[in-house]
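Residue strings, one per chain:
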Amino acid sequence: MSSLRALLIRLRERFIRDRLETRLDEEIQCHVEMLADDYVRSGLPREEALRRARLALGGIDPTKEAVRDEWSTWLDSLWHDIRFAGRTFGRDWKFTVATVLTLALCVGATTGIFSVVNSVLFRPLPYPDPERLTVVLSTAPGVDHGFYSAPGVFVDWRERTTSFENLSGLRRTTALWTGASQSQELPVGRASSSFFALLGLSPVLGRAFTDQEEKSGQDVALLDASFWQREFGAGTGVLNRTIVLDDTSYTIVGVLPAGVCLPKYGAVDVWLPLAAQRGHRGGGDILVAGRLRPEVTLQSAQAEMNALTLGIGKEHQEDSRHGALLMPMREWMIGEVQPPFLAVLGAVVFLLLIGCTNVGSLLAARTTARRRELAIRASLGAGRLRLVRQMLVECLLLGLAGGALGLGLALAIVHMAQRISAITIPRLEEIRIDAWLFIAAAAISVGCAVLFSVAPALGIGRLELRVDASKGQQWPGKMGGNRMRSALVAAEIALALVLLSGAGLMANTFLRLLSIDLGFHRNALVTVNASLPFNQYAEEKSLDFYRRLAEILKPLPGVRAISVSDWPPLVPVHFPYRLTGSNGSGRTECEAEARHVDAGYLRATGIPLLAGREFERTDDTRRPRPVMLNKTAARLLFGEANPIGRQLASNYADRHVMEVVGLVGEARQLGLTETPGAQIYVPLAYRFANYVVIRTDNESCDLTNDIRAAVQRLDPHLPLPTVSTADTLFDQEVAAPRFYLRLLGALGLAGLLLASIGVYGVLAYTVEQRTHEFGVRMAIGATGSQIVRLLLGFGLQLTLVGVCLGLLGAVALTRILTSLLYEVRPNDPLTLGAATIGLVSIVFLTCWMAAWRATRIDPLKCLRWE
Amino acid sequence: MSAKSEVLQGTLDLMVLKTIETLGELHGYGIARRIEQVAQGSISLNQGTIYPALVRLEQRGWVSSRWGLSETGRKARYYALTDSGREHVRAEADTWRRTVKLMARFVES
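Those protein sequence lines, which keep their order, are chains A and B.
Straight run, no breaks: the first sequence in our numbering ends on number 1110.
Straight run, no breaks: the second sequence in our numbering ends on number 210.
No wet-lab data here; the hints were simulated from the structure.
Even glycine gets a Cβ: it sits at the ideal position worked out from N, Cα and C.
Straight-line alpha carbon distances no greater than 27 Å define the calculated DSSO-like cross-link-like pairs of lysine-lysine that follow:
1. A:785 <-> A:798
2. A:459 <-> A:558
3. B:176 <-> B:119
4. A:308 <-> B:176
5. A:338 <-> A:1105
6. B:119 <-> A:308
Across the chosen pairs, the derived CB separations fall in these ranges:
7. A:313 <-> B:112: 16 to 24 Å
8. B:192 <-> A:656: 53 to 61 Å
9. A:1056 <-> B:192: 50 to 58 Å
10. B:208 <-> A:644: 52 to 60 Å
11. B:208 <-> A:313: 29 to 37 Å
12. B:124 <-> A:285: 17 to 25 Å
13. A:265 <-> B:204: 35 to 43 Å
Modelling step: build the complete structure from the supplied sequences, incorporating the hints.
Below you can see the structure in the form of structure tokens.
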């Protein structure tokens, strides 16, 4: 308090006193001069006139002193209010702490989360004319989202479209950089020459690609500024030097500003020309983005692209199934996070409402409890405005303390948001605290406080004064004399129930995710990828490499089973095979996801073999080619008949006839929540091998060093291999739901806590207000438990009203969570029931704690008090 | 006892307000001169005492002030009535008239 006082005094000296003193000086001086002028006009010499003027004024310094006295009464009474507020807060410290923390929580959480959501969802993209930036995706029947396009299609689009003034392609890849001391795998972007102009960016050094360089795919490179600083010390001599990527030398022609890229796409270290091949069709990995001409709408551009794509499909059979989907770039970037972010935003608004209600109800209770004090002060001559000012000063002090803590919390939230790894938040680098949001949140909370504390003070009319001052204690006619406060608490309970329901639905989803049967054993399953450069390792060579790696690792202690595959489980890479078989009644067809695996794969992953046999080394060259089917594929192709030994045909590449040698269980190859459909396992021969999969004895078995040594032994030029586990992949899959569960859970718990404080506050206030009545009741024979029952009844009434409203709200509002839920409906009765029971028990406990205090009333003391 | 009486406690504020109401926006010197004029020498006013009064009135929101130029070309602070000040003058003047009437009856009887 003393430091606050010192601060105020200094503020007063510096900002008010100086200005007031100057003004006073000038004003008095002016007065004296004007008076002296008059004396001079009446014939006095100047000197004498000034002397007389000072005399008539009553002396310059006494006048100034008198004025200063007036100032200090004004400032001192404000200072007095502040000190008085400080004293009452100190006396009522529980109330003070509860109010300040509630304010801080509400203002902080609202500002922090609103700032994040605002930056991500609502602010325009930081590029010129962002509303004209559009992404063009490919579509296919049966796929519910747009995907990246084939290079050939992109080239056709760009040549034929008239809707876009700039249509650029972008491909993300990796390359092995061998110039440095240790080979490194770098994220590389391949881009059209027009891409940088699309985002309104120009190189900080050198130049961008030319159209010619892009089309012919010349060996030139642009560096990202952060990579340039990290690896080249930001030297300008880097221009025209070469950088060796995947054994090709590229000439560095320029440096781009750090982190240039579409936020969702991720930054890269090096940019190379796109070099889209017209012949590359039937699917690809090019992101097409463009800028619409100013007069073209999204709809008309979509119509044009539909027609173009139809035409391209007629010319090229591979692209015939594909369509085009245009989407504003902002929408494409934020698409995935929009629903959950809006849900979180809603939750935080609810928390703010609960908090405001709480602060309002706490302050209203306090002001009412202080009626006696206010009445006495009023009867001693304090004007109503004076009392209101006192209340205002108290509110503003609470608001200041709460706001300061809240600002800290908001900064912490924004700080944390920028470090979240569980979910990919686009536009993270743009996130910052929004000052206006902070002011708005603080204003709402403090406004609430003012409303609920000043309004009752205004209500103290002169007529009531006598009554209030003498009695101090009121005799409310019935339970919960203050209807408004009861309504506020019921509303709080309702809001808290909605928050808890949301958190409950996330918890339910999370439990369901954890209990999914993956169809393989994820524990102690290690995957190794060695980032082989494609131009040195063709199909056979890659298989040979990984097989040799497996041979080296196999005898190591801890390795139970080992195999090689193209992709390990839980990696969403699609390999659809169209298969043709036959059952008793004729030809059958199905589309199956394929995985290419080596001998021992089932043993390594733990996918159960239901019939037949697993692959063997000799299967590489066997004809017809042996394959394994999962149950779904076998049923679709051969009905209920035993599939082992049956033959089938595929549309894929070599179109060999295949023979089923094994029947296996359903495994979630593509991802945790992807229900497995038809699956086929094909021998790995003649396909790129990418992974060694190892079943180890237990999870703590760490083979990383052995694996690194083995890779180095096989090829010393390779970078360090990526060693991961299926557990890690699984954790990544559940990271987003876990994150939202924690976030919504925290908000739900905060809501529950605040609502409990609100309920407790109202009941405790009722107990205090009716102490006298309870004393009388107990004196004439009421037992403690009867009093408790009375109060609990009141609390339960409030709770019931709140719960009914809350359930209605939950049913209406939890729909916003739909995209986050897995196998749980937004109105899941079990979850809503559990949330209700949880809330009611906590609130009941709080009521009981407040009611229990009533039984401690000593009837004698209470009666004597009056 | 001097023929000139001291300014009665609490009356100076009303005199200042009334002066501004009559003459419109005015500087401190003008207010002091006008009060002396109206009193026709019947009160001894230290002209300086109107400044604390002006500060008080400004704090209560009854007058507002700004810098301006005097008729002789000096920079002076001008005071004007606010709306609430005008209302206050009216109410206070009524109270004063009643008090005077009441006191007169006591003193005359």
